[in-house]
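Sequence lines, in order, name chains A and F. Here the working numbering = 1-based position in the first sequence + 21. Here the working numbering = 1-based position in the second sequence + 21.
Keep in mind that a hint or two might mislead.
Repeated chains share a single entry, so a pair holds when one copy, or any two copies, can fit it.
Think about it this way: if two alpha-carbon atoms lie no more than 25 Å apart in a straight line, the pair counts; the simulated BS3-like pairs of lysine-lysine are [to be verified]:
#1 LYS378 / LYS53
#2 LYS53 / LYS408
#3 LYS28 / LYS77
#4 LYS84 / LYS251
Rather than coming from a laboratory, the hints here were simulated on the basis of the structure. No experiment lies behind these values; they were computed from the predicted model shown.
Listed below are the residues making up each chain.
Number of protein chains: 2
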Amino acid sequence: MALIEPKILKGFRDFLPQAESERKRVQGILEKTFESFGFVPIDTPVLEYTEVLLGKGGGETDKQMYRFRDNGGRDVALRFDLTVPFARFMAAHFHDLYVPFKRYHIAKVFRGENSQRGRYREFTQCDFDTVGVDCASADFEILLVMRESFMRLGVTNIEIRLSHRGIFNRMLESLGLGSSSAAVLRAVDKIKKTGEEEVRSSLREIAGESGASRILDFIRPEASSEETLKKIASLAGGEAEDTLRLSAIFGWAGALGIGDSFTLDPSITRGLDYYTGIVYETFLSDIPAIGSVCSGGRYNDLASLYTRERLPGVGSSIGLDRLLAAMEELGKKTPASSGAAALVFCEDEALLADYHKAASHLRSEGLCAEVYPEAHKQARQFAYAEKKGILFGVFALQAERVTLRDLSTRENLENLSLPEAAALIKKRLSRV
Amino acid sequence: MALIEPKILKGFRDFLPQAESERKRVQGILEKTFESFGFVPIDTPVLEYTEVLLGKGGGETDKQMYRFRDNGGRDVALRFDLTVPFARFMAAHFHDLYVPFKRYHIAKVFRGENSQRGRYREFTQCDFDTVGVDCASADFEILLVMRESFMRLGVTNIEIRLSHRGIFNRMLESLGLGSSSAAVLRAVDKIKKTGEEEVRSSLREIAGESGASRILDFIRPEASSEETLKKIASLAGGEAEDTLRLSAIFGWAGALGIGDSFTLDPSITRGLDYYTGIVYETFLSDIPAIGSVCSGGRYNDLASLYTRERLPGVGSSIGLDRLLAAMEELGKKTPASSGAAALVFCEDEALLADYHKAASHLRSEGLCAEVYPEAHKQARQFAYAEKKGILFGVFALQAERVTLRDLSTRENLENLSLPEAAALIKKRLSRV
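Between the sequences and the hints, there should be enough to build the whole structure, so can you do that?
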């Protein structure tokens, strides 16, 4: 019989145990962090009506959608992000919920784009948003969640660069460029990639020579966030709710002793029309080239396409794949140990009941333990333990006494009761 | 502007925070259980080549597939189970892995079937399999994992009914019915639904009057598993590797003191051709009508469509949706508390830095804590806490002294330092 080639689609991936364990570990830390701030999980379908996902349509994502007719002839598509489904979700369930509603959602999304290096067609987003309130404290909390997430992952050297679209817009209006704001934003958004001169030449076409200079002056950070804030307030026509909000946020960060993590950077604009208030991106100081690993901002109304309920919100999104790549580069991965802490060796199949009893006991003490299922020669069982990163071998003797072998030091600890063996394993694990 | 109706596809679901929290809790317990036996996680794409998913094709699932052409013209489909992707995965990665390879995979699958009550088009399967070995100990371990999973979920009153397809086949061959085995299996598989007389009449057409009686005698359990085993061994032509394997499994279960969870039931056949050895289903004694919540068996060769490597295996699958429905019926859900343990009330926005400091401190002690973001009136903040199941209110006063309010007893504990407040919350939480 001819074999079918076990191939997978370009831009899609299998995750082998070590990679998947690490993904689960990181995802677990993120979930715990989000929950520690009172964010609650939701989930939505992978497949939705195209009409719902398209919204008003016209974006880049439209062409990238996996869109088709299902067996019932419905026009359906795979979700391409978690924001549109969240908007639809809020419209559908608003009356069963409460505000402020703080949700997180970690799930796969799908985009059929040209898959370059590091670009996947199936990838995981970790979104967290607070909707139903428009205030500085909700903005600040999202920034706290971002910072705390990286801290708990051991990625401590981060810089969250933030700005405010309202101040930017006021500056543009003072230049008579209010109607060109989308074009200006797109031009400015490229500054980290293309450099100032390229941006200046784009801006010159939109805003003229002096307008371009004024905008470039606006987006250039000063020596401190305070000075930057003072400058952009003045270029925007003075203080207002937007500058006061940034001022409050920086003040609170200082009061909590975490001011160092945040920098006011008016060149952060987040290209999208969608944002109306604070906007931010997160950079890893040790590998800036990887780009922003977590970004977002405040929007005026989440679900206006689906409901007349007004839902202002603020949120952020972590790209899990980029984060994991960054952590690998930073050496923040966990050791290769996946699977069980202890392997009960099988030397005589007549003793399998005893082997399973020994493993059961270790599990009842909260450890991971498995039995090698057949009496293969020891070398093969050792190779299995090594391949899985198993740390201890248990050789079950008679009368519930065992020999424990520390597979890293090759030391044998003989004639132990099962509780003694469990205690020793725990003690040594706590030292790792 | 006309609104878009925020509707979702039939057979697909949103999960609101309480439901999603419970799903995550149960999934977490399953993952921990699987890992405690040395099973490791993998993941595969939601979307695959149709050719790969169809395999040799011809099954019911073919018609149910969400199949379409992607933007590159490829014939692709959403996975309809986790077994076919696992087979493809093993063929693709065999040389990077080891045997026995024990994997678990918890993920969504998609079937466009008629969605009756309780039938979803998007649902979650929890699969665990051991491949690369064919021995009693591996079979037994899968049964242990099944039992332990339910125990750790608090679902203790279970009955795992098992049998062996090899013994069944020997019995059929002794009746000269070896070539009709698929038809016989399909008929027998219906006995729990339709009753004996219906099955007898189906069998009569395949096997004649005496054949039907012989088969019905074979599948009727005796008073004890020992007696049943003796009977089926004799009807199948005597003891062989298959009966010895069942005997070993029941012996080990007895030695581990968990024999009560397992019953030999020769009417368990698991309709599918796929299975060749032990087969089993799991019933909840308190709600038998819900049917099997976890089933599976041993198969001869997992990945023969994709590789010449022979991969015998044994595995099991838990339907998460049915399990959650069962747990709800059994009252095994966790209390409604989702989200934060403590809400710092906002009474004066000038004090927001202090509120955030208080919440940060509680989080640094491992608690969940959030700040109400605006100085709304107390009643509204209390309503928010109640809606979210938050247990404690924190009223931040001056100089880092707070009042703690137990929202269930309405008791106030005044003038506490933050560490004192954290200690009190932990103490009271441990009592819940």
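_Intra/inter-copy verdict for LYS53 and LYS408 if alpha-carbon distance must be at most 25 Å_ = Cα proximity of LYS53 and LYS408: across copies only (20 Å, versus 30 Å in one copy).
_Checking an output row: LYS28 and LYS77, CA cutoff 25 Å. Within, between, both or neither?_
Answer is between: at 16 Å across copies they meet the 25 Å cutoff, but 36 Å inside does not.
*Measure nothing new, just compare the shortest in-copy and cross-copy C-alpha distances for LYS378 and LYS53 to 25 Å and report within, between, both or neither.*
Close across copies (19 Å), not inside one copy (34 Å); limit 25 Å.
*Within a copy, between copies, both or neither: where do LYS84 and LYS251 come within 25 Å Cα-Cα?*
Neither: 42 Å inside a copy, 65 Å across copies.
Hint compliance for this structure: hint 4 is the single one not met.
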